[in-house]
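Visitor: In case you want the letters, here they are:
Protein chains: 2
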Amino acid sequence: MEVSKILTYCNENRLAVCPQGGNTSIVGGSVPVLDEIVVSTELMNQIVSLDDVSGVLVCEAGCILEDLDNKLSKLDLMMPLDLGAKGSCHIGGNVSTNAGGLRLLRYGNLHGNILGLEVVKANGEILDLLSMLKKDNTGYHLKHLFIGSEGTLGFVTKVAVQCPTKPKTQNLAFLGLETYENVLETFKAGKGCLSEILSAIEVIDNESMDVVREHLNLRSPIGEYPFYLLIETSGSRDEHDQEKLNSFVEMALAKRFILNGTVVTEPSKFKVSFKSSEKRYLEHQRKIPETFKREGYVFCYDFTLPLQNYYKLVHEMRQYMGSQARRVFGFGHLGDGNLHLQISIKEFNPDILDYIEPHIFNRVKEMKGSISSEHGIGFLKAKYLSMIKDPNAVRLMQSLKASLDPNGILNPYKIFRS
Amino acid sequence: MEVSKILTYCNENRLAVCPQGGNTSIVGGSVPVLDEIVVSTELMNQIVSLDDVSGVLVCEAGCILEDLDNKLSKLDLMMPLDLGAKGSCHIGGNVSTNAGGLRLLRYGNLHGNILGLEVVKANGEILDLLSMLKKDNTGYHLKHLFIGSEGTLGFVTKVAVQCPTKPKTQNLAFLGLETYENVLETFKAGKGCLSEILSAIEVIDNESMDVVREHLNLRSPIGEYPFYLLIETSGSRDEHDQEKLNSFVEMALAKRFILNGTVVTEPSKFKVSFKSSEKRYLEHQRKIPETFKREGYVFCYDFTLPLQNYYKLVHEMRQYMGSQARRVFGFGHLGDGNLHLQISIKEFNPDILDYIEPHIFNRVKEMKGSISSEHGIGFLKAKYLSMIKDPNAVRLMQSLKASLDPNGILNPYKIFRS
Numbered sequence: 010m011e012v013s014k015i016l017t018y019c020n021e022n023r024l025a026v027c028p029q030g031g032n033t034s035i036v037g038g039s040v041p042v043l044d045e046i047v048v049s050t051e052l053m054n055q056i057v058s059l060d061d062v063s064g065v066l067v068c069e070a071g072c073i074l075e076d077l078d079n080k081l082s083k084l085d086l087m088m089p090l091d092l093g094a095k096g097s098c099h100i101g102g103n104v105s106t107n108a109g110g111l112r113l114l115r116y117g118n119l120h121g122n123i124l125g126l127e128v129v130k131a132n133g134e135i136l137d138l139l140s141m142l143k144k145d146n147t148g149y150h151l152k153h154l155f156i157g158s159e160g161t162l163g164f165v166t167k168v169a170v171q172c173p174t175k176p177k178t179q180n181l182a183f184l185g186l187e188t189y190e191n192v193l194e195t196f197k198a199g200k201g202c203l204s205e206i207l208s209a210i211e212v213i214d215n216e217s218m219d220v221v222r223e224h225l226n227l228r229s230p231i232g233e234y235p236f237y238l239l240i241e242t243s244g245s246r247d248e249h250d251q252e253k254l255n256s257f258v259e260m261a262l263a264k265r266f267i268l269n270g271t272v273v274t275e276p277s278k279f280k281v282s283f284k285s286s287e288k289r290y291l292e293h294q295r296k297i298p299e300t301f302k303r304e305g306y307v308f309c310y311d312f313t314l315p316l317q318n319y320y321k322l323v324h325e326m327r328q329y330m331g332s333q334a335r336r337v338f339g340f341g342h343l344g345d346g347n348l349h350l351q352i353s354i355k356e357f358n359p360d361i362l363d364y365i366e367p368h369i370f371n372r373v374k375e376m377k378g379s380i381s382s383e384h385g386i387g388f389l390k391a392k393y394l395s396m397i398k399d400p401n402a403v404r405l406m407q408s409l410k411a412s413l414d415p416n417g418i419l420n421p422y423k424i425f426r427s
Numbered sequence: 010m011e012v013s014k015i016l017t018y019c020n021e022n023r024l025a026v027c028p029q030g031g032n033t034s035i036v037g038g039s040v041p042v043l044d045e046i047v048v049s050t051e052l053m054n055q056i057v058s059l060d061d062v063s064g065v066l067v068c069e070a071g072c073i074l075e076d077l078d079n080k081l082s083k084l085d086l087m088m089p090l091d092l093g094a095k096g097s098c099h100i101g102g103n104v105s106t107n108a109g110g111l112r113l114l115r116y117g118n119l120h121g122n123i124l125g126l127e128v129v130k131a132n133g134e135i136l137d138l139l140s141m142l143k144k145d146n147t148g149y150h151l152k153h154l155f156i157g158s159e160g161t162l163g164f165v166t167k168v169a170v171q172c173p174t175k176p177k178t179q180n181l182a183f184l185g186l187e188t189y190e191n192v193l194e195t196f197k198a199g200k201g202c203l204s205e206i207l208s209a210i211e212v213i214d215n216e217s218m219d220v221v222r223e224h225l226n227l228r229s230p231i232g233e234y235p236f237y238l239l240i241e242t243s244g245s246r247d248e249h250d251q252e253k254l255n256s257f258v259e260m261a262l263a264k265r266f267i268l269n270g271t272v273v274t275e276p277s278k279f280k281v282s283f284k285s286s287e288k289r290y291l292e293h294q295r296k297i298p299e300t301f302k303r304e305g306y307v308f309c310y311d312f313t314l315p316l317q318n319y320y321k322l323v324h325e326m327r328q329y330m331g332s333q334a335r336r337v338f339g340f341g342h343l344g345d346g347n348l349h350l351q352i353s354i355k356e357f358n359p360d361i362l363d364y365i366e367p368h369i370f371n372r373v374k375e376m377k378g379s380i381s382s383e384h385g386i387g388f389l390k391a392k393y394l395s396m397i398k399d400p401n402a403v404r405l406m407q408s409l410k411a412s413l414d415p416n417g418i419l420n421p422y423k424i425f426r427s
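For the record, the sequence lines run as chains A and B. At position 283 of the first sequence the residue is numbered 292 (this note's numbering), and the sequence of numbers has no breaks. At position 158 of the second sequence the residue is numbered 167 (this note's numbering), and the sequence of numbers has no breaks.
Pulled out of the complex, with its shape left as it was, chain A reads as follows:
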């Protein structure tokens, strides 16, 4: 196989390689730093097999996520992950970065959904870990070494994925809340009432809504509140899901967890406009840098935090920044503890960057959070690895790297600085 030949040659000649999929990384994980040879998955774009009974898809690493989802859709199946870059990102890159995205709350992460992998090691050796089975407890579960290791331990060439049934219907509720405590109460009640149909719980603070209002000309359909929750359900029977969602919102209003709320119960014009707002809201969340251009310069962070500390960090950073920031705002996938914290300033200023970092990463660490929720370490965050991780864990990572790629040819300067 070609990748094996390329890596064998590069390894023998000590040539560094940068594996590249759709090149959608925002931490510089898929771009060469110095003189690495870019090996792209672009031509590895074939579906190997697709079983519509078991829902098992086997494909090459260069398949584009959205193409796979479209093909599966015809069989009432779907990919267990969805993300903003789906139109260009490759499944091999998704696996290598353990991509999270919008379906994680409901369908879990890739460590749970990837059944098998074919991987080429740095020395060109092909590892056949391409199991298509949901249960296989025979020996070490090696595939996980390559899920989320950002192409530094091996080159993923084929992927077997367990694909869930595509939901037939989606419904939305948009809620206005007074405090972050109310947000947590509503979250807990929502998990109880909506349970199996809950597919997303997104939180938006009023400052984020201001940005949306100003730059996307979108208005909250329910008036202004300090916090908003967008709750999405996905299921197989529209009338059942609507009934559940309506009674949940009624209960939350009665208990004063929420101050206002609207549910989409009819396939009306309102639904269309509301859904498209939601879509635009999600797009804005995905394409922050472009959308926020008029905001000045925006520092965008992607953290996971325990729920009790989730919004505390936004409050704290707002105070810490004072008048140095135009705005400090936060929104994100509350259901996964994933916070997109944004700090906008008039124009880029390295002093402000130094003021923010590493302070903010330290605070995340102290709050038992993660400084990279979905996007990996890549090149840009490599210098913080030793700050945030247990030193014994870092040593084990380094020894795995040394053992699997002794010449260090695979994606150098990523994850580890040297």
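For the record, the hints were derived by calculation from the structure and aren't laboratory data. Any given hint could turn out to be false.
Intra- or inter-copy, both count: the list cannot distinguish identical chains.
Below 25 angstroms or equal to it, Euclidean Cα-Cα: the simulated SDA-like pairs (lysine to any residue) are [stated by the list, open to error]:
(1) K177 - E252
(2) K321 - I361
(3) K175 - E134
(4) K410 - Y364
(5) K374 - D44
(6) K14 - A263
(7) K197 - G125
(8) K80 - S395
(9) K177 - E304
(10) K175 - G121
(11) K264 - L362
(12) K264 - S82
(13) K410 - D137
(14) K377 - Q179
(15) K197 - N79
(16) K355 - A25
(17) K392 - P359
(18) K175 - E252
(19) K392 - V273
(20) K321 - D61
(21) K175 - L239
(22) K321 - L362
Guided by the hints, dock chain B onto chain A, whose structure is given.
Guide: Showing chain B alone in chain A's frame:
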């Protein structure tokens, strides 16, 4: 910490250690082979923290699965796994063996549900991988090295688990079918109709039902058929789930996928007796060796197979055994491709064992299945590892073992023969 001190001492003095949890392994994974020192998790039985909003549980490795489930139940949460040995198995052992069980179809495997681990390495070094976050993409995902490696790479001492919302209601359908093709058609249709509420699809062949009839005095509530399916739904609204299940069974009857079917729609006496039958059926599935005593000697296999080959193996083995076997029968978690294939003979006979093995493992391999679906390799299947695995993968396993446990003190003779 004590485990660290014990391992440090044992490592320095080259003393072999057998980590032991509830000692419920059926492949000899948790018993010493020669003179290993048994280190038990029994006294490590404390809950460290439990957050009823996020559903994150952190506990010590010696907590008993059922105890955890009972504690969670009071908060409307549950463990993402359930298995026959829940009354005695320890969560540390579940993690070390990547235990599957009854909830896997719905909630996925432990690689998806375990958020973090604390692990002691062979040299006594403590690895703090105890993340409590659903999304954390910072460096290699080391915890997966210890999930399913059967205590040979490290000693799991603490576990963080993502716990799902406990369903409020369960419903059952019991279906009679003519052919295995009908079984697959029904399975596919069930995934489509029941989607988010589907929690188990179990298949039972008529030969298995004969055994149940003879030894447990249970009768099929719908008459005799070549195949039976037991479909379980779990959800948050009883009337919604019943409606979905009823219309699914009506549709399957109308399309002639099934010949007969009964659904539990009322909390009546029937339900109680049916549920207890189901429970007894599940118990019989769990406690095969005892239940089948009167059957003579029973060879019990735990395979995963691609669905198109799932029942082919039973047919084939029935022919292969001919009159040498009393019965060859198969049942299992169809939803996960997990087949419990049983061969009963009058009394144990080593010639028959040699006739069956390794032939049966070879066939499973040729059919792209797994010879150990849920139970691991342990001691008993170690000799087959090189037969069933890619040689490059076995070499990588061995090099991981050598690097993490250079003196080979952790659970020797397990997974690898030497």
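Visitor: For every hint, state whether the structure bears it out.
Guide: For each hint, the structure was consulted:
{"no.": "1", "hint": "K177 - E252", "in the structure": "both (16 angstroms within a copy, 16 angstroms between copies)"}
{"no.": "2", "hint": "K321 - I361", "in the structure": "within (21 angstroms within a copy, 67 angstroms between copies)"}
{"no.": "3", "hint": "K175 - E134", "in the structure": "neither (37 angstroms within a copy, 45 angstroms between copies)"}
{"no.": "4", "hint": "K410 - Y364", "in the structure": "neither (33 angstroms within a copy, 44 angstroms between copies)"}
{"no.": "5", "hint": "K374 - D44", "in the structure": "neither (34 angstroms within a copy, 44 angstroms between copies)"}
{"no.": "6", "hint": "K14 - A263", "in the structure": "neither (66 angstroms within a copy, 56 angstroms between copies)"}
{"no.": "7", "hint": "K197 - G125", "in the structure": "between (34 angstroms within a copy, 22 angstroms between copies)"}
{"no.": "8", "hint": "K80 - S395", "in the structure": "neither (42 angstroms within a copy, 37 angstroms between copies)"}
{"no.": "9", "hint": "K177 - E304", "in the structure": "neither (38 angstroms within a copy, 47 angstroms between copies)"}
{"no.": "10", "hint": "K175 - G121", "in the structure": "both (18 angstroms within a copy, 20 angstroms between copies)"}
{"no.": "11", "hint": "K264 - L362", "in the structure": "neither (43 angstroms within a copy, 65 angstroms between copies)"}
{"no.": "12", "hint": "K264 - S82", "in the structure": "between (40 angstroms within a copy, 23 angstroms between copies)"}
{"no.": "13", "hint": "K410 - D137", "in the structure": "both (19 angstroms within a copy, 19 angstroms between copies)"}
{"no.": "14", "hint": "K377 - Q179", "in the structure": "neither (34 angstroms within a copy, 37 angstroms between copies)"}
{"no.": "15", "hint": "K197 - N79", "in the structure": "between (34 angstroms within a copy, 19 angstroms between copies)"}
{"no.": "16", "hint": "K355 - A25", "in the structure": "neither (39 angstroms within a copy, 63 angstroms between copies)"}
{"no.": "17", "hint": "K392 - P359", "in the structure": "within (17 angstroms within a copy, 61 angstroms between copies)"}
{"no.": "18", "hint": "K175 - E252", "in the structure": "both (20 angstroms within a copy, 20 angstroms between copies)"}
{"no.": "19", "hint": "K392 - V273", "in the structure": "neither (46 angstroms within a copy, 59 angstroms between copies)"}
{"no.": "20", "hint": "K321 - D61", "in the structure": "between (46 angstroms within a copy, 19 angstroms between copies)"}
{"no.": "21", "hint": "K175 - L239", "in the structure": "both (21 angstroms within a copy, 23 angstroms between copies)"}
{"no.": "22", "hint": "K321 - L362", "in the structure": "within (21 angstroms within a copy, 63 angstroms between copies)"}
Hint violations for this structure: numbers 3, 4, 5, 6, 8, 9, 11, 14, 16 and 19, all remaining hints satisfied.
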